[in-house]
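Note that the protein sequences, when read in sequence, are chains A, B and C. The opening position of the first sequence corresponds to residue 122 in this note's numbering, with each subsequent residue numbered one higher. The opening position of the second sequence corresponds to residue 2 in this note's numbering, with each subsequent residue numbered one higher. The opening position of the third sequence corresponds to residue 2 in this note's numbering, with each subsequent residue numbered one higher.
If you're looking for bench data, these hints aren't it; they were derived computationally from the structure. From the three backbone atoms N, C-alpha and C, an ideal C-beta is built for every residue, glycine too.
Here are some chain C residues the structure puts well away from chain A; computed CB gaps all over 12 angstroms: (1) L82; (2) Q98; (3) L111; (4) W144; (5) N145; (6) A146; (7) L149; (8) I157; (9) H257; (10) S264.
Okay, derived cross-link-like pairs now, SDA-like style, lysine to any residue, Cα gap no bigger than 25 angstroms in a straight line: (11) K162/B to G97/C; (12) K162/B to T23/C; (13) K21/B to A253/C; (14) K198/B to T159/B; (15) K24/B to N95/C; (16) K8/C to S260/C.
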Amino acid sequence: MTSATVPAAAPLPADTRMRRLRAYRRMARTALRSLMAYQTSFLFGMLASAFAALSMLYLWRSVLSSGSRHGFDWPQMKAYLLVAFVAGSLVSSYTDYRMANRIRQGDVALDLVRPVDYQWGRFAESLGFVVYEAGTAVAVALVAALIFGGVPLPDPHTWGLFVVSALLVFPLRFGIVYVSGLLVFWTQNYVGVQAARIALITLFSGALVPLVFLPEWMRVASAYLPFAGMASTPALLYSGGLHGSAATTAVAVQGVWSVVLWWLARAMWAGACRKLTVHGG
Amino acid sequence: MHAPQVTLIQTVGLRKVFRKPDKGPGIRGSLRHLVQRKFSDHVAVAGIDLNIAEGEAVAYVGPNGAGKSTTVKMLSGILVPTSGQVFVDGLVPHRARVENARRVGVVFGQRTQLWWDLPVRESLELLRDMHGVKGPRYQARLEQLDSVLGLGELLPKTARKLSLGQRMRADLAAALIHEPRVVYLDEPTIGLDISVKDRVRSFVRQLVADGTTVLLTTHDLADIEELCQRIVIIDAGRVVYDGDLQTVKDLHVRERTMSFELAEALTGVDRIAERLPAAQVQLGSNDHELTVTFDRIALGAREVLSAVLAEAEIVDMHIDEPAIETVVRKVYAGELRVGAGNAPAAESTS
Amino acid sequence: MAELRRKLWLYRRLLGAHVRATLEYEADFWIMSLSAVLVQGIGVVFLWAIFRSIPRINGWQFWDVVLIYALVVVAEGLSVLFAQGAWTMAVTVNLGQLDALLVRPYPPVLQVLGSQVGMNGLGNLVLGGALLFAATSHVDVVWNAGRLALTVLLVISAAGVKVGLNLLTNCAAFWLRSPYSMFAFSMHSLGELARFPITIYGLVVRIAITAVLPYAFMSYFPAAAVLSAGTARWLGLLTPAVAVYCLWLGVAVFRHGLSRYESSGN
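Could you put the whole structure together from the sequences, leaning on the hints where they help?
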């Protein structure tokens, strides 16, 4: 198997770009349609994460019943957890697993033959999925909000930043999921790596506990890692836990990491192509 | 002919209906189906009566979707019949699965009995332990299987890495490690090359000679000709014919072809044709070859021979035996409705 | 009796066969074990982070909650080591691989359960055992031979509950024609709610994990019995019975599923 060449850096003629864009749009739509076919599986997956969110909500309600902690009262915590839940449902484990599985099974050879950039292709597919994921997650979050007595509206001072942050969650999560998917080229094992990755990331993203609850050194570490942007940042902006320059910085960090991960992935891809082994049989 | 034999396999009115939910696509369809439960029924086996005696080798033949595999699965206890009865060696397979498994060996052409990630040797050892075959007997059995199937070379290989032919040989060994009285072979030669097919056939011939009861499902009609005396033809879930193989051929395949190689080029085909008005006389690819196709009821081989001899000098001669293929093709094409071993229904002229 | 021993011996053979097959992938084993330790460990970190800010949750203090958590991890570890095969059911049943099992002279349900050994099981057991040990040495109880014996019994029963419920929920494979065990996975996630004292949950949830799918008997009730805490402890003593019930239910539904098996898929 000869290594695929990384697309040249020179700009393409306009019609090729148009064709590429159309191809990506098609991939996005096909991805969405294929998701519809596996709807039951996807919905059960959503149910699973809904249960997880449920246990968090109940737990924190109990914890905060005797008063607020670390600046969180119950309504704020509700808002935080629900936003973290929706953010965590984007680029879900479904996409994750699917991508890694393809790499592991060697189907990637088929993808390489297609005249589209592998990374952009996966991005387009995830974009196709995310519409459905976001929709379902918001629906579930609203039901949960109802059960738990409503959720406050977004903090008026930071809601603009919140919107930006929410939009940045997608490329950031895509970057993280895609990069760890590429790790399969080197580790071959996926299930164990994925489980460990998800656990670590979930902790440092603030989806399990708001980062303020963590000991100092973990909080410092999370400031340098990209994961806070996956849940904590948008959730805090919604619930009013981030203000002023801290808020703008946090969103900027989200953006920067999205770009860094994108380019890291490209570098890994070039490395992986050199190393590519395609399974026989 | 022979003393009355023990019926080992018996089915009475065996029926299997598959129910498929009739639901529309997508999530709306699924939800609607929860309320309006509609099903479509597919009758795979529509009432089959079988009686197979101990030691018989029976061919079970029919077009795709006729219900052959379904029948075998009910006989082995994999599927539960919708109605009707099935007994194998006095047991009801799906009720006494474990007991039944001890007496029966099954080979599915498209699926394997082997543990996919283990060497063949270990698969066989696991089966040996499950069946409780004692050490020395197991060794003897392995040697036996090695001599016919060449099992020895396969033992250290992982099942996943075997070729189709190798896998089939290993599967045969796996099915027979416990020397069962009854063996079901479901498409055992599918996809195999001729040398492996020969091996498999000689192995089955040996089985039959040893007195094992064999039910063979196959599309490869050469398998049948070599191995079975009795044929059951099934179509659309019903038995269409059940009886002696030779009888079927004699009764239903009346066409014979004799081919001749002549000493000299034949100038007058017409003269021979005149002598045999009921037959089709044709020249072969060159002037030295002649074929005569005739209805053997209407015309005897001797007459054909004398007609040709009268007009030419014969160097070599060949008579084509009627092939079961012809019968089955006719049944598949619906041209033939065969009675159960008795006087056949009127045969349409083809 | 000899029959039972033989069944157990064969079960061990089946497990061993799978272990041998997968030990080829040695790197996998270490990755999976470490990953298990990490995953469960982070759960403990989470608990610890919460308890830094509050002394008790619904009357339960840190080490009590760790005990509940430890029971889940150990039960999970045991079920993963000895009955992981339940998770293969979606594939086995819907891709026609069950046929081979049905013509072997050994109970199909045991063949299914014994067909896989989860490599993260050992990691789970090690961490769970450590947590259990740590928790038991910190909790507010008097340890004697009786309580120790009770704990051992309850730990094993907890594993029995998990195995039974795993089997039961994976039987959905007979009804849902998908090669993915997503239904069973979502029910497993429901069971994760049993990592915390169930008193924090609303009534509906509590009924769901106590009576409908008794996941709470995997952790909360046995823990309550060990700790002699509140009225829950009496239910905790029923854990062995619940384990038997869950296992029986799993096998019964499996048998029912078998009778409907259509052997499709190639």
